[in-house]
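Residues -29 to -1, 1 to 234 (mature numbering (1 follows the signal peptide of the UniProt record, and there is no 0)) make up the sequence shown, in order.
Take the hints with a grain of salt, since some may be wrong.
Ranges between beta-carbon positions, derived for each pair [stated by the list, open to error]:
1) T24 x E225: 48 to 58 angstroms
2) A228 x G7: 42 to 52 angstroms
3) D169 x T24: 37 to 47 angstroms
4) A205 x A25: 18 to 28 angstroms
5) E106 x A25: 19 to 29 angstroms
6) A124 x G7: 20 to 30 angstroms
7) N189 x P16: 53 to 63 angstroms
8) A228 x A205: 36 to 46 angstroms
9) A214 x E106: 24 to 34 angstroms
10) I233 x T4: 53 to 63 angstroms
11) S226 x A124: 51 to 61 angstroms
12) S187 x A214: 24 to 34 angstroms
Hints in this document: simulated from the structure, not taken from any laboratory. Since the model is a prediction, treat every value here as computed from it, not as a measurement. Think of the CB as a built atom: it goes at the ideal place given N, C-alpha and C, for glycine as much as any other residue.
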Amino acid sequence: MRRTVFRLATPLAMLAAIVVTFPAGTANAQPQTCNGLAATRVGTPGPDVFFGTAGADVFVTLGGNDVVFGIGGNDTACLGAGADEFFGGDGADWADGEAGADTLNGEAGGDTLIGSEGADSLDGGAGADTLAGNEGIDNADGGNGNDTINGGAAADSLAGGEGNDTINGQGGADTITGGAGDDDLNGQAGADKISGEDGNDTIDGGAGVDDLNGGSGNDIVNGNDGNDTLTDPAGLDVGNGGAGPADRCDSRFESLANCEIIF
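With the hints as extra help, turn the sequences into a complete structure.
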């Protein structure tokens, strides 16, 4: 027997009083859609709890601090305003937290999780997931699988987990961790801190004063613009400080270019 344990920010005593599993139209007379699909579960302006089915459910929560359990199937959820929680279950799920500080868990399957507004927490779980923090200071973890993770304009914390991941910090001073696998890590704008960890990684700091660490494996580390620091703790790594006038580079790199300060 498989046992599943869900960790909720909402106390269980409160959940018992607010569970809703209405079909579309009974909880809200206005027809609702999510990502172009007709809703099969529609909430209220207050806090609701939804339980899906083994099939493909479409949730529209409207308002309040809602909790959605997709269970099985390829589910779609638009979580509306409020600090919402989403547990996709099995299947390739799609969820948009919209406004509020949301917690989105894809669990099994190749999921798409979108933080939108607010400081969101995204966890892809198993499978090849796509995570987008967008606005707010977000925390995103791809989990197992070959994931694609995009931060946003703020200072995000982005982790690939296991698998060959692609991570783009976009704006802000981001913290990016590749984890296990051959990762493609891009800081883009902002003063970023990037660590490849295990695997043969490609790291590009982008604009800003970046701190770049190849980790183990044979990595390619490019500082690009700004006065960057490049570190090579292990492996046959290639380092390039880039366009900054005062880049600092670890002497342990197998090959170095455009580094004014060697340590």
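Which numbered hints are broken by the structure, listed smallest first? Result: hints 4, 5, 8, 11 break, sorted rising.
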